[in-house]
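Colleague: Using the hints provided, position chain B relative to the given structure of chain A.
2 protein chains.
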Amino acid sequence: VEHAKDIVDLLRYDEDTAGGLMGKELVKVNENWNVLTCVREMREQATNVQRVHSIYVVDDENRLKGRLSLKDLLITGTKTPISEVYIPKVDFVKVNTPDVEVARIMQKYDLEAIPVVDELGRLVGRITIDDIVDVIKEEADKDFQLAAGISQDVDADDSIIDLTKARLPWLVLALLGGFISVKLLNGFSGAMQHHKELFFFTPLIAAMAGNVGVQSSAIIVQGLANNSISGSLFNRLIKEVLLSLLNGSLLALILIAGSHLLLGVSYEVGLTVSISLISVIVIASLIGTFVPILLNKFGIDPALATGPFITTSNDICGILIYFTIAKMILGF
Amino acid sequence: VEHAKDIVDLLRYDEDTAGGLMGKELVKVNENWNVLTCVREMREQATNVQRVHSIYVVDDENRLKGRLSLKDLLITGTKTPISEVYIPKVDFVKVNTPDVEVARIMQKYDLEAIPVVDELGRLVGRITIDDIVDVIKEEADKDFQLAAGISQDVDADDSIIDLTKARLPWLVLALLGGFISVKLLNGFSGAMQHHKELFFFTPLIAAMAGNVGVQSSAIIVQGLANNSISGSLFNRLIKEVLLSLLNGSLLALILIAGSHLLLGVSYEVGLTVSISLISVIVIASLIGTFVPILLNKFGIDPALATGPFITTSNDICGILIYFTIAKMILGF
Numbered sequence: 093v094e095h096a097k098d099i100v101d102l103l104r105y106d107e108d109t110a111g112g113l114m115g116k117e118l119v120k121v122n123e124n125w126n127v128l129t130c131v132r133e134m135r136e137q138a139t140n141v142q143r144v145h146s147i148y149v150v151d152d153e154n155r156l157k158g159r160l161s162l163k164d165l166l167i168t169g170t171k172t173p174i175s176e177v178y179i180p181k182v183d184f185v186k187v188n189t190p191d192v193e194v195a196r197i198m199q200k201y202d203l204e205a206i207p208v209v210d211e212l213g214r215l216v217g218r219i220t221i222d223d224i225v226d227v228i229k230e231e232a233d234k235d236f237q238l239a240a241g242i243s244q245d246v247d248a249d250d251s252i253i254d255l256t257k258a259r260l261p262w263l264v265l266a267l268l269g270g271f272i273s274v275k276l277l278n279g280f281s282g283a284m285q286h287h288k289e290l291f292f293f294t295p296l297i298a299a300m301a302g303n304v305g306v307q308s309s310a311i312i313v314q315g316l317a318n319n320s321i322s323g324s325l326f327n328r329l330i331k332e333v334l335l336s337l338l339n340g341s342l343l344a345l346i347l348i349a350g351s352h353l354l355l356g357v358s359y360e361v362g363l364t365v366s367i368s369l370i371s372v373i374v375i376a377s378l379i380g381t382f383v384p385i386l387l388n389k390f391g392i393d394p395a396l397a398t399g400p401f402i403t404t405s406n407d408i409c410g411i412l413i414y415f416t417i418a419k420m421i422l423g424f
Numbered sequence: 093v094e095h096a097k098d099i100v101d102l103l104r105y106d107e108d109t110a111g112g113l114m115g116k117e118l119v120k121v122n123e124n125w126n127v128l129t130c131v132r133e134m135r136e137q138a139t140n141v142q143r144v145h146s147i148y149v150v151d152d153e154n155r156l157k158g159r160l161s162l163k164d165l166l167i168t169g170t171k172t173p174i175s176e177v178y179i180p181k182v183d184f185v186k187v188n189t190p191d192v193e194v195a196r197i198m199q200k201y202d203l204e205a206i207p208v209v210d211e212l213g214r215l216v217g218r219i220t221i222d223d224i225v226d227v228i229k230e231e232a233d234k235d236f237q238l239a240a241g242i243s244q245d246v247d248a249d250d251s252i253i254d255l256t257k258a259r260l261p262w263l264v265l266a267l268l269g270g271f272i273s274v275k276l277l278n279g280f281s282g283a284m285q286h287h288k289e290l291f292f293f294t295p296l297i298a299a300m301a302g303n304v305g306v307q308s309s310a311i312i313v314q315g316l317a318n319n320s321i322s323g324s325l326f327n328r329l330i331k332e333v334l335l336s337l338l339n340g341s342l343l344a345l346i347l348i349a350g351s352h353l354l355l356g357v358s359y360e361v362g363l364t365v366s367i368s369l370i371s372v373i374v375i376a377s378l379i380g381t382f383v384p385i386l387l388n389k390f391g392i393d394p395a396l397a398t399g400p401f402i403t404t405s406n407d408i409c410g411i412l413i414y415f416t417i418a419k420m421i422l423g424f
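Top to bottom, those sequences are chains A and B.
Once you know that position 216 of the first sequence is 308 in our numbering, the rest is easy, because the numbers rise by one and skip nothing.
Once you know that position 156 of the second sequence is 248 in our numbering, the rest is easy, because the numbers rise by one and skip nothing.
One thing to keep in mind: the hints can contain errors.
One copy or two, either will do: identical chains are not told apart, so a pair holds if it fits within one copy or between any two.
As the list claims (entries may be wrong) - With a cut-off of at most 30 Å between alpha-carbon atoms, the simulated DSSO-like pairs for lysine-lysine come out as follows: (1) Lys389 - Lys200; (2) Lys257 - Lys331; (3) Lys116 - Lys200; (4) Lys200 - Lys257; (5) Lys171 - Lys157; (6) Lys157 - Lys181; (7) Lys181 - Lys200; (8) Lys171 - Lys181; (9) Lys171 - Lys120; (10) Lys116 - Lys229; (11) Lys120 - Lys200; (12) Lys257 - Lys275.
Since the hints were made in silico from the structure, they are not lab data.
Note that the structure is a prediction, hence the values are computed from the model and not measured.
With the rest of the complex left out, here is chain A (with noise of 0.2 Å):
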């Protein structure tokens, strides 16, 4: 009766909150008992319960007070008043408090365990370390699967069904995005006569722009999962467009060295590429740093950034970069 209770008690709270992951086996005692009575009365709560992690201290209202530790109960004198020894700093969490925020606290402070209390301060429950577990691991196999514009929390033995749904809207997406690429490179059709060589260097230029795109997003993404990003935005707008100046310029020279002695391209147009594929990396490097952060401000999960979202909309930019700044040079 009191378990189909406390399970009719947890149903009451969102799965992704604490009140949804704590568990109601606790092991608590009162601020006015000594070690004696609360040694006791722990032998009585322990029975019921299957693992002990904490003693929590409430009381006489079951407001949460303190803690007491195993390894202070081992080595106190049973007369001792509980009030004397117990520990009045505790880390705690509110039942609505979100499972992620729940996972990054006990993470931080390395706890084991945690008190739940209600809106009053009561103590309702309690989530371990193990429960953690589950959410870090769901939320990076999620983040995982965001990147690579998978939309639903599916696996390799899911349905086809169910792998379609979670699949065919990115790929919609992405088509949608290459219709935009086609009719860009249609408007730069008149190249074709004098410089049909840049129409060679489209797929590399996209494929640079992406990846540049998805590597700097995941680098932000990363970031704000881990709550590790300091300084301001004008520092990092400065250092992100450092970063791929220099990356950018390397792979200029592979670029140019490569296409004339590779590829057999005149200069003019390595030179043209090589420009190109620098603006095209320092852009792309720009999206991919500050969508995540836009789409963070707006409360929207920054991991879908890092998918295909990036890659199209910096396959589109990138073409788009490459035949205005060719058009500027060989002007077609």
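Modeller: The following block gives chain B in isolation, referenced to the frame of chain A:
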């Protein structure tokens, strides 16, 4: 002095193994003691131990025999011999077990702590679930970064030089792949005379090949990481072909309609591109599925295959298939 010796001991083990991960602080009791001796000894030991996770039971040679639950200790009479109350079934790992394997075991069996034994079965340490949280987090971060073409563990606040070292190698790979696609397109330049539109579709085809490949590989990589892939390779092949035929056909319909209505391309070219698209999607998803499986067979981290490696090779294959089919149909 004890502490310094502990650290020297721990340095003997590889960082990525149970030995490198374990702590030496633990509470252990001899199987020949009774509950009273046990509690007295534990009080002694507990003063040196930050947190009491489990009580391990050893024999006179320090060989791990089992464990004692705190709960049982709280509810058992003081004169009971330990040999009567301890639980002989205890999960453990060896000092040279890889950390990722330890994480898998602890997650699978929902363990909060696991004892570590040496080659002779002697208890040498214990690993707690919060150590494992870091392993899981690092492993997930590493996979995410590999999939994004970042080859070292870097974060947004690292120096430009470190970020370049992590990013440039993959970009060079993508650039070299780009050279191959330039060469291929050059080989098909005969098509320019009558079917220049074909060249407008290359970024679209390459993007679809890349996206499908990344999706397929991400699903397999996660399946491999979670040990959740069942069934024979042949069944997987059939499933992947069916899945990509379904996705490919739906996308091809959109492509035929869109390329005619939006882009004004002839039905002949639209059909050619669509047939190519289906073929490219099938091949890309097979590459995405089987490259990670192959890498895994050879002991290489399959997450490597989710990133620029798969997009670059799929770009090349995609373009080759596309123009080969176009040549067969349109005959330029």
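Colleague: If a hint holds in the structure, say so; if it doesn't, say that too.
Modeller: The hints, checked one at a time:
| no. | hint | result |
| --- | --- | --- |
| 1 | Lys389 - Lys200 | within (23 Å within a copy, 36 Å between copies) |
| 2 | Lys257 - Lys331 | between (39 Å within a copy, 15 Å between copies) |
| 3 | Lys116 - Lys200 | both (24 Å within a copy, 22 Å between copies) |
| 4 | Lys200 - Lys257 | between (36 Å within a copy, 29 Å between copies) |
| 5 | Lys171 - Lys157 | within (20 Å within a copy, 35 Å between copies) |
| 6 | Lys157 - Lys181 | within (8 Å within a copy, 37 Å between copies) |
| 7 | Lys181 - Lys200 | within (16 Å within a copy, 33 Å between copies) |
| 8 | Lys171 - Lys181 | within (23 Å within a copy, 37 Å between copies) |
| 9 | Lys171 - Lys120 | both (18 Å within a copy, 27 Å between copies) |
| 10 | Lys116 - Lys229 | both (23 Å within a copy, 27 Å between copies) |
| 11 | Lys120 - Lys200 | both (25 Å within a copy, 29 Å between copies) |
| 12 | Lys257 - Lys275 | within (28 Å within a copy, 37 Å between copies) |
Going down the numbered hints, you'll see the structure goes against none, and every one checks out.
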